[in-house]
Structure formats: C-alpha cells, structure tokens
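Protein chains in written order, with numbering that gives the first Met the number 0: chain U, 0 to 448; chain Z, 0 to 174; chain E, 0 to 980.
Some hints here could point you the wrong way.
Said to hold, decoys possible - Below 30 Å or equal to it, Euclidean Cα-Cα: the simulated BS3-like pairs (lysine-lysine) are:
(1) K194(U) with K132(Z)
(2) K189(U) with K132(Z)
(3) K764(E) with K506(E)
(4) K296(U) with K357(U)
Derived from the structure by calculation, the hints contain no laboratory data.
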Amino acid sequence: MAEPQRDALIDTAFGYASLGERIAATVLSGSRTGWLLLLAGFTTLSLLFLYTIMLVFTVGVGVLGLNIPVAWGFPIVNVVWWLGIGHAGTLISAILVQLRQDWRNSVNRFAEAMTIFAAGIAGLFPVLHLGRPWFAYWLVPYPATMEIWPQWRSPLVWDFFAIATYITVSVLFWYTGLVPDLATMRDRAKPRWAKRIYGVLCLGWRGAHSHWRRFRTAYLVMAALATPLVVSVHSVIALDFATTIVPGYHSEMFPPYFVAGAIFSGFAMVLTITIPLRRWLRLEAVITTRHLDIMAKTMLAAGLVVVYAYLVEHFVIWYVGDEYERYMALNRILGPYACAWWGTMAINAGVTQLLWSKRIRTSPAILFCVAIVLNVGMWLERYLIVLSSPHRGYLPAAWDTESGTMIDWLMLLGSLGLFFALLTLLLRWIPAVSIYEVKELLHERREEG
Amino acid sequence: MSELSGWLAEFDEVDDLVEAAHRLVDAGHERVEAFTPFPVEALDSVLPPPRDRVTVWVLAGATVGALGGYALQVWTAVFDYPWLVGGKPMHSWPTFLPVSFELAVLLGSLAGFLGMLIGNGLPRLHHPMFAAKDFDLATRDRFFLYLPGQNEAREALAGLDPVHLHEVPGDDDAG
Amino acid sequence: MTDTNEGKRRGELWRGTTTPRAPLAPPTDRRTFLKLAGWSALAGGAAACTPRSPEELVPYVDMPEHVVPGRPTYYATTLLREGYGYGAIVETREGRPIKIDGNPGHPATLGASDAVLQAELMQLYDPDRSRTPLHDGTPRSLDALAADLATLRERLLKSGGRGLRVLTPPVTSPTQAARLGALLDSFPEARWHQWHALARDAAITGSRIAFGRAVDITTRMDRADVIVQLDGDFLAEGPAHLAHAADFSSRRRPGPGMLRLWVMESTPGLAGAAADHTLVVPQPRVVRLALALAAELGLAVPAAEGLSPRERRWVAACARDLAEHRGRALVLAGDPQPPAVHALAHWLNAALDAPGRTLEWRDPALARPEPVIESLTALAEDMHRGEVDALVVIDGDPAYDAPADLRFAEGLERVSTVIHHGLYVDATARRADWHVPLAHDLESWGDARAFDGSVSLQQPLVEPLHASLPRLALPEMLMGRWPRSDREVVAAHWEARLGGESAEPWKAALRAGIVAGTASSSVDVVPRPSAIRDALAETPGNADAPAPVLQFRADPHVSDGRYASNAWLQELPRPLTKLTWDNALLISPAMAERMGIGDEEVLRVSTGQATIEAPAWVLPGMPDEALTIWLGHGRAIRSGGEGDSLADGVGVDAYPLRTTGALFARTGIDVEPVGRRYALAATQHHHRMEGREPVRRMTLAEVLDGRDHAPQGDEHPSLYPEPVPAPFDVDAPQWGMAVDLNACTGCMACTAACQAENNIPVVGKRQVRAGREMHWIRVDRYYEGDADAPRTLFQPVPCQHCENAPCEYVCPTGATQHDSEGLNVMVYNRCIGTRDCSQNCPYKVRRFNFVEYNYGAQEAELLSALRNPDVTVRSRGVMEKCTYCIQRISRARRQAKIEDRPIADGDVVTACQQACPTGAIVFGDVSDPESAVSRAKNHPLDYALLAELNTRPRTTYRARVRNPHPDLEENDSSGGDKAHG
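In isolation and in its complexed conformation, chain U is listed as follows:
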C-alpha cells in the first residue's frame, strides 16, 4: 500500500482487521527464503561467538588482550555498549508510554525484544571476562558452604543485581504487552497446534474490559518502575568506574553521562534495525518516516547531552586541577589512544550534527548510515574510557598499553551475530508491532477524525 503523508503516524485508511492482518501477516506468512538466508548468515556469526567463548573457558582470559595495568578490555567495553543499546528499547516502551507518546506504539514491540536480547548479551560479557567464569554464581547471595557472602561494597555486585533485575523486568514487561496480541494470534492461526501454543502463551486472554483495566494499570506501573530502573542500571555500570580511584574512571558525572550515552547509542541501534525492517516487512505504512524523524530527533537530543558531558568532563578536570586527571585527559588526546579519542569526538560530536537537517532525518537510507556510524562512535567512546584510563595510572614505571587481540574482535562480531540471529527468529514467531496498541492508535486517530 502507498506511503502515507509524511507527518502521519498511521494510515487511517486501514480497518482494524486489515491492520491486524497486515502486521500478523509478517509473522504467519511472508517471504521465507530471504528470511532463511538472513538467519543462516547471522547464525554463522553466532557460532564464531561460541568459538571465542569456548577459548576463554578452556584456555583462559589470556586469549583476550589484557595485561597489568590494563586488566579490563573488550569484554567490559562490550558490556557497557550492549546495555546502552538495550536501554533505548525500554525507554521507548516504558517511558514514552507514560508520556503518552503514542507514536511509540508502532515500534515498541521489537524495541522491547531488542532490549531483551541486548541486555542478555550484555549479561554474558561480565562472565566471559572473569578469570574463573565457572564461579560467576558466587555473586549470588546464597548460604554457601564457605559461609561467606558477596562483598556488598563492590560495584560489581551492584552490577549483578542491576543487570539481573533489568533483564527480568524487561522480559516481564515485554511479555505483558504481548499477551493480547498472542490472543489475536490464537484466534487467527489456522493450524490446531499453532492455536494451542498461542492459546497457552496468551494465558486465555479474552479482552474483557475489566481485564483491560487491570492490564493497563499493571502495564503503566511496570513502565513507571522500568523508568528509574533503566536509569539506575547504566548508572550502576557507570559506578563500576566512578567508584574506583583510577584517573579517567573516577568521575562523579559518569552516571548521567553514561545514561545519555546509552539512550544515544540505543536509538542509533533501533534505527539501524527499524529502517531495513520496515522495508523488508513492508511496514512503511505502520512505521512511517514520521517515526524515523522523531527517533532521529531524540537521538540528536541525547547526542547533545553526551557532547555536553564531554565538555563538562574536561572543564571539571581543568578546574579541579588534579595533576593525574590533567595528564590523563591530555594523554587521551595525544597519547597512544589518541585515535580513539579523535574518532569518538569526530563521530559523537561531529556526525551527530547532521541530524539537525530534516532531509537527513526523513530519508531512511542516509539516516541508516548515520545510525551505524553513531553505533561505532559510542563503542569507541567506551573503548577509550575503559582502556585508556588505566594504561597510564599513577606510577609511570607501571605504564603499559593494551589493544585487543583477534579473539577480542571475533567475540564482538560474534555477539552482533547472535543479536541479529535472535531478532530474525523472533520476527518470525511474534508480531513485530503491537497489534492492539496500533488498533487503539487507529481508533484514536479516527476519533480525531
């Protein structure tokens, strides 16, 4: 069907049913071969991920680029990056629902899925970076035979709780929103087995009004809880660094700065997925360029906050005048990690500015490229923070540089593969867009006439 006028959030020419069909169709039918090819490609990359994990488990983290003084490397960079990506999903689905930003309805479903997968993968890396990953469960407070408990003052323990909570709540939130649509699928599916499965998954949803009421409250409250949660998660991640005394880590402004960065990179990833997706699933009518425009704007806003953070960080360093901090800042710009610094700045402070132009915001192809570049930029930023700070600490005699090994890169690539493989699978089995919410949206638009 034809592209609706630019500023429309949805094509009001739809009927409730036909709209439902349109979305559900992507799941129950649609081009199989393209999907298979995609899946095959991403699965191969996932196997690469598996291989690197195997190496880390059998040989040790020594296969990664780590040393003393730079004892944290790619895995930590990837944790921060993946979590950041996850946050955009929660933001879209949770925060915007409270702000009644109804444009979200068309994109929140896979934004949430994206959150879950990103958070899940992010959750893997802290384990992979351990010297003895098989003991990761020692962070859980349980009455162990050693009669010893986690060390609660450690930000890493906070991490564990933050990420675990985040994943759980995200899944819960996503599933809750999914229940009515699963009911729709149940009533629409032809084969008995499909009906059965959807029937069980939707818990016997009937769409009674009283149910809808409790559902709405629960959904809103969960959203209300998810909002501080998403902020807290990346703040806690930031505390891993902020609570240390390492110049370049020890910065009071890290929590808000990290959250902004998270939203920034998160939206970049949402766009990176949305743009090809809406084209592939022919959902232009549901996810309109208006959506792209709005997300791009959000990204621009977040990006500006990040840039502001850069300025404040350097101002504070100059203002406080701590010799170690000053050296660290200068060393980032001129030292062995200068490339990372200049790259970060060029992208996050430079490329972002392209988003001021409406033409770029509303032309999917260009926006897609910009989004990808910004993803890279944010990864670079985390790379810069994690590696460049400890490599020249307090005692010059202990200085050393560190960069990733082949395994590090394969692991990153592999994690991307896994992420997209999961998304591809998901799209096949559940609606990419929340059906009931879009219907609601359609209804409201009709009301407006």
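Since the structure of chain U is already known, use the hints to place chains Z and E on it.
Just chains Z and E now, kept in the frame of chain U:
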C-alpha cells in the same frame, strides 16, 4: 442445547458498543462485561471499576524488596560474617543502597504482574465464552457486550440492535 | 590463540623428566626421585657412585636425628662462581633444597645474596641439565665411562701423560688444586689450563705490572670517605660485589661524613647508578681520564690528550676530593679496563695512603693466578698443532665462549679424545667423545676460597638428580683412584688441618660453612712507577680510538652463558634495561638519533672476520659512539629432557666478535641497520617520573639543613571515621615495611628471592611482552636529567598493604581483604578473577594468572620439587600479589606460641629483606615503637608512596640522598627521556 450462562451482543464499531453499554447500565444491569480487541477508555466511566487494586500489589512488592534487600546486606556484612574491607566500617550504608533499590524494582514488577493475573483470574485456558460463535472476533475487529442470564438478558441485548446475538453456553460467571 | 600456543610451548620448554633413555640411569620418576631426595640424609644413594651416610651431612644449626617432615632444615654450603666461593645457607624440606640464601658467616655473602645465588636453585632442578653420560652422543652408563677412562689412563701412562690437557675455570678450591697437582705429578707431561670468559685477567696482569707479582685487592669501603671507580661495576661484578655493597651502603647513610662515589663507566651499571657523579665514556677513553686524574694528583704519568671541558672539570673536582681525603680514599679499576689502568690504580691508592686503611693487598685467592687468556691461547695453539692427545674440559664450554680467533671448535677436531664434564650438553659436549654430566654444587662435596682467601666447605644437600659425577671425579679416575667418594677426597685433603671426619673442627667447619682463619694474609708490596708508566705508554687508549666501539659485557643475570637455560634468570628484568629473555645492542639516545633508529631495530655489526645481527636498545647513560652487547646469549644447549632447551632462540651470541686482542672492547666495526625489527620483552616502558616524584630526592646539604623532603599526604574528607577502628583485637602485631631508596642498588636480588620463596611462575617471553610478568616485587627504574648522562633512580615496589586498600572494596567476592595484623590478604580460593582489584590499585603491584602459568611446571616433576611447600601454587584465573611472606610470619607466630612468648622484633624476615645485600628493606611490627621498622619509619626522610590518595600504605620509603661535590653541583631538572611507553 444445555443451559445457557448468558448472551453476547456483537457490534462492529466502538461507539455503538459504548452507547449500548450505557443503556444497559442505565437499565440497572450490574453484571455487564465488554470484550474488545483493544482497551476502550470510554468504557471506564460506564462499567463499574474492579474492586482489587494492582497498585497495592506493586507497593507491597517494592517495599519487601527494598527493606529485605537492605536487611540481607546488613545481616550478612555486619553480623553473620563481618570482615575488614578497604578500611570501611562494617555497616557502610551508602554502598548498600543500590542493591536495595534494584530489589525493590524487581519485586515490585513481579508483584504487579501477578496482581494483574490473579485479579483477572488468569491463566484460564478453557472458558465458556470461547464456545460462543464468532467470539474469536473479539481479538480482531468486533466489540461484544455480555449479559448473564436467560431470556431477559437476551431481550435486553436485542434492544441494543447489535449486529448479532450469540448464546454463551456452560455455567455462569463469564465475568 | 597465541596464548594457547604459549601454553603448549612452555609445556615443551619445561617437559623434562620422563625417564632418560640411558641404561643404568637413575630412575627419575617422581616417586623414586622424591624418595631419593627425601631420604638423601639417611639412605645411601643409588644414583651416583658416591655412597653417603646420614652423619656426614652436618646441619647448619643442629643435627637432626632424621628429617622432620614440614620443618625446614638448614645447611651451610658453598656455591662456586668464576671459581670463587659464595657461602650459602640452603633450606631443605624433606630433603629437597627449596631456598638458597647467603651465609652470614661468609665474607663473600654476609648473609645476603644476589639474583644468581638465588637462581642456583633453579639451576639444580633445571630440566635442561644433561642426565646421563654420552659417548659420541649416545647415552652410556657411568661404568662404561670408567672403563673407557681406564684404557685412556693406560695409554697416557706410557707417554707420561704427553698430550693430556685439563681445562678448568680459575680454581680457588684447595682440594681441587691439590688433586690437579697430584694429577700433574703422576703425568709429568700433562698440562693444566684455565679459562673463564669473564676471568679477571687485567687485575692479575695489572698487579704483576705494579708489583712484579700477582696481588689481590680487598677493600674496606666502610672506612672510605671517597671512592673513585675507573670503569667496571664494583657493586655487581667480581667475587666481592656483595661485600662491597654491604660496606658501601653502610657509609651511605645520610649524615656527616657520608661517602661520596665517583664513577667513570663505559656501560651503565649499578655503581654508576649509585654514584654522586658519573662520567660516561667509551671503554678505551677511560685510560686517558685515569691519566688526567693521576696527573692532577701529581703522579708522573704520560700526559692525557684531548679532554673535553666537562671531563676536565670532572677530573679536577674528583682529584681534589681524593686529595682532601688522603687515607680515606679508594680507587678501583674495573675488569673491562686494560692491565695498565689496574696498575695505575694501585699506584694511585699507594699515593693516597690507601693500603692498610681502605684496602688490603693480599696473596691471591686463586690457586694459580694467571691470565687465563694466555693459558687458553697456549692450549688452542697446541691443539691446532696436533700436540693435544686427550683434553678434559671440566665445567666449561670453550667451543662456545672461547675468543673467535682461537678457532677452538676446529681445534677440538684435532684432539683424539675430548672429555667434557659439564652441566649441559653444549657446544663443547657435542664435539666431545665423552660428555659427563657434572653434579651441581648442591649435589657435590668440595671447597672454595672467597675473594679474601677464606675457605668454606661445600656439602651436598641432595643426592645427584641425574647420572652425574662431581667436579672432583675425573682427575681421580685418571689417577686410577676410582670409585672414591668426593667426600673422601675433600676430607682427606683437610685431614691434617681439621682432623678426621669425626673430629670436631671438621664438623664445626661444615656447620659454620667456613674454615676459620684461612683468609689469605696481606702482603707488603710497593708499586713500581717506572713499570706502570711504561705499561701506560703502550696502552692504546690515550690515542683517539676509531669510533664506534663495540663493548662486551657479561649479561647481568645470565653471566657468560652458564645460566642461559635458567628460567628465573632469563625472565628476571636486567637492572637497568629492564629487558628479559634477550640481549641487545645497547646504544646511546644521541647515537640512535644520529642513526635514525629506535628500540628493537636490528643492527648488523661486522668486524672483518665476523658479523652478528642484534636488535638495538636505546639506553640512557650509554656513552656516545659506543655499543654494548651482553655475552652469554644464543647458547646452543641440547635439553636433557625432551623438547627444546629453554636457551634455544634466546638472544644473540656475541662471542664470534670477541677476540684474544679485544676481550672487552673492540674498535674498527661497521654498524648498519638491517631494516628489520626484532621484538624485545621489557618490563618497564616509561622512564620519567612526570613530576610525580615517586622517588623523593634531596642532597646531603639539604638533609644537614634539616629540610624534610618527605611530607605525608594531607587528610581527606570522608563519609566514614578515619582511620576506621579495627573490628579485631588490636593486640596483634601490625606488620609494615620500610625501604631505604638510598641503600637500594637496584640489583634485583629481592625479586629473585621473592620468586624462589613464593613459587612465582615463569611466564615466557611472549607473556612478558604482553605485560603479564608475575614478579611480586618489581624494581622501578627512573631517569632524571639529561638523557645522555642521566641520574638513575631505583625503587622496589611490593604490595604496599594499604590500610585503606582500594583493591579490597571493589572485590565482589571478598577474595582480598584485611586481616587482624594489617595485611592485605589474597584468598585465592575465593577469587573469580574480575581483576577490579588490579584496576583500582594505584601501585599496580597485583599480578594475574591470565592463563595456566604452572602448566609447564606440572609437566616437569623436577620443577615441582623446587616448590616451597608453605606457599600455595596459584592456578589459572586468580589474582596474586606480595603477601609480606605471610608463610614466614605464620612460622614465626607458631614458634612464638610454642615458646609461649610474643613474636620478637626480627623473628620475621621477608625473603626480599633477607636477600638484600645493603639492608635496604626493613620489616616488622609497626605497632611496637621500639621495632627496627618503627624506627626506620620515624626517620624524617620516610614517606609514603602516593600518600595523597589516603591509602595509608604499610610500606614506606626513605628518600634518596645524593652527596654531590660542591664544585660540580650542576642543576638539572629536566626528566630523563626515553621515547616510548
């Protein structure tokens, strides 16, 4: 046909449904229930609100999470197995806050979800309503009004000129 | 990926002790080995033909009825180096030697040790050692050897020993000398030659020039106010370097009359780093500076030409200082310098009234003091002339380390019977008809003289691990007096002096590790100016030497190559370069800049005859127009076990460039970049202090003004009470350490001792390059001032055991926490390897097992035998660090409990403290105001590293104090720059 539990009136527009619901409630029927493919806020003012409150569940869960979490940390770090770390006091409260907070959110959300399910009597996979003709449209593009009872219910619904009327078999309480 | 290979490769390096292929070889599977070792003090050994019974081994402190499992037993013995004796106390556990330290009663060690002495333990267990006799390369039994030697003996008896030659290192051992004498008596035509690549020929010849006879110098630096060194490194080289270090540092305590040290050196060394004034010049140029110095002091010597203004100022000030301290001054000539300079040094000392005050002239400790180069040259010539019928090489590898122009390897071809008696199947062994494994010093009986002539006995601590023969065996066999225990040989020699083996003097000597009253007597000699003047006139150095100069020096740890397969020494960072695992062409920053090269750039160095290619290493403090390369690398050893020898592919062999005429420096070389790079593994990459002053410095003048250069960090606001009241009983001792940076010479003994004591793994070159070395105490080296003549500063950095330890609060599992005695302890079992502790450690003293570093050692049982049973062996994935030798603390605690008394000050001595030759490290209870460590910490110059971070470290430092001469107080503040890191 066995004994009926009530009747369904089918509409194809939201406004008709709301209108009809109004008339039913005005006519003094209490146990009216509507079935819609998406939440219809207009009905909130018409139909009686549910007695249980999801928010209460959430509040309870969050409180348990926060206090329980803090208690756990204080007990383990100060009483059960204290050890000296980084020259900090055993009860270094600021560092106990993050975990307490996360646990509050976790338990709060779980409680909210459970509250919703229990209130809605879900999961319930087999329900008389599913036996009614065309009820599967309720998740699609049709809007239904349900009135328990026999003939008087039928007449009451018929008076709302719905698109169709369907019988709901089985025992009562299709709420 | 690389690391998986790394793991495998190390495995091969170490895979040692599966049973040898030889018949009649000693069984060395682990159980049998431990049985042998374990009951060496009881059972007669099956391994060697030297039966022993328990009462022959006399423990250091008391005679055990039998070995008490779990309790260490200490024995005094002697280790040989360059022929000289180093008295050692060896700790054994269940019969296994597991730690070597100096013998407080022995003049050469005085209870201290150096890296090499520590690593002799690794040498004993080295899987690369040869394990069985080889005849033409095929394993044979010792009996077969004995039979073969018997026939050889028959042959030689006919000719009166014509063509029989014995080659040994310089010999001080009275017994060995006597037995070799006996051999020469029974074979009148036979000859005894000596050779050691680093032998101190110049000193011997120098004394002959000066006095007409060989004379040794022993110094009394503790009586000296001014010391001048003409090249060399008296703190690191020569048989007396540990005694020097002790005496020297005893006079370097800041205060009135603090000793002043002037050093001329051609390659940066420890003495140069410790000096108040260092003048770096190429080796040949030292002669003219010495001449100038002599002239300034009014000696009639040839005039020195072409001194730069700076050199003139330096020499003038130096001369004035010497003149002002007549009778309290001392001039030392370094081994690399030609004999004439040594002779001149004697003359200068005489002129300064040094004899009898700051030095003694004594009878040489060597049994036969001779310039070994002449001895070896004579041998080589005879070999080439085909006059050598049988050559017995004892403890040497001349095919590898003989000067190139002697073509020794070729010469060997012309010798009908070559018998090699050494620790390794090396270049000589492979060319020999017979290779006989040499028993390690810890496996043999013997004796040796220290630098001052004092004799100490050598007793075995363990049954020979392999089918080896002791140092004394071959001459006995040739004399047909075999089988005979080496113990009998030694005992027989001392029969007259010490009585029989049952006699008390003998036991006392064994117990004390020294034979009282054997120090050589001082001689009354006078230098002969005319002879010295003539010698100086002939010495070329005074003319301008064609640049550049190639200087040969022994590797600071691997020495002349005898420790080439010693993993501990290969991986121990060299004091100044901080290089591991390789040698390099050391080059001055200025010269490197001119050549447009940097570190790791491979250079081709060619003389007319030979060429080597070695990587460059830019070293501040190298003289311009000079290159220095370490000897002792690129040694070809065939491992006794399976797999490659550890020495394989390590470094470059520089001996091909070394000739009889140029043992320490040669001119007329071409140097050009090859355009290739070779990866070197250094443990320190940045060399300036960046104005952070981890090493606080001041001058003596400032100290005397009572200026306190070591302010403590100011208090910081905190949410918590500061310091936090300890939740534990405060009666417990509170451990702390004080390190005197003024006494530290940077010799790395502490690091080596720590490695031996704490089972610290060797990780291999690739891992070191990756920045993953495991040493618990590192010695940081900083440069200050002009890069071409920098001031060098050393700072040992172990775990600081902070009271507010940043590492502790970030650990999620509580794997690192504080104990009641103020130790920052690691709980290996609880560590999951987040490495956050290391991230948050401002001192970066934590070490992490990135992969399984003990893999190789698990493969080789021999290496598990040298483990300290009191210390956990850490597995993959856990963090580790300095524990203040917690096992020694707990041993002291147990002992105190048994004796029902509090732990006394000095009960606990950490491994680094015990090894330190200058007593720079003090350890003890800081809660006891009377303890040595408390007193050290109360010193005004005591400061905490990075105190501003409020970590409250238990390890503190005493500022470095210089004592510059007023005339030369140049002001330099710019950081010594080395452009990488």
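Against the structure, the hints come out as follows:
Our distance criterion of 30 Å between C-alpha atoms is met by K194(U) and K132(Z), whose separation comes to about 17 Å. In summary, the hint linking K189(U) to K132(Z) is supported, as the alpha carbons are separated by about 17 Å, within the 30 Å threshold. For the proposed pair K764(E) and K506(E), the alpha carbon gap of about 45 Å is over 30 Å, so the pair is violated. About 9 Å separates the Cα atoms of K296(U) and K357(U), which keeps this hinted pair within 30 Å; it holds.
In summary, the one numbered hint that this structure violates is 3.
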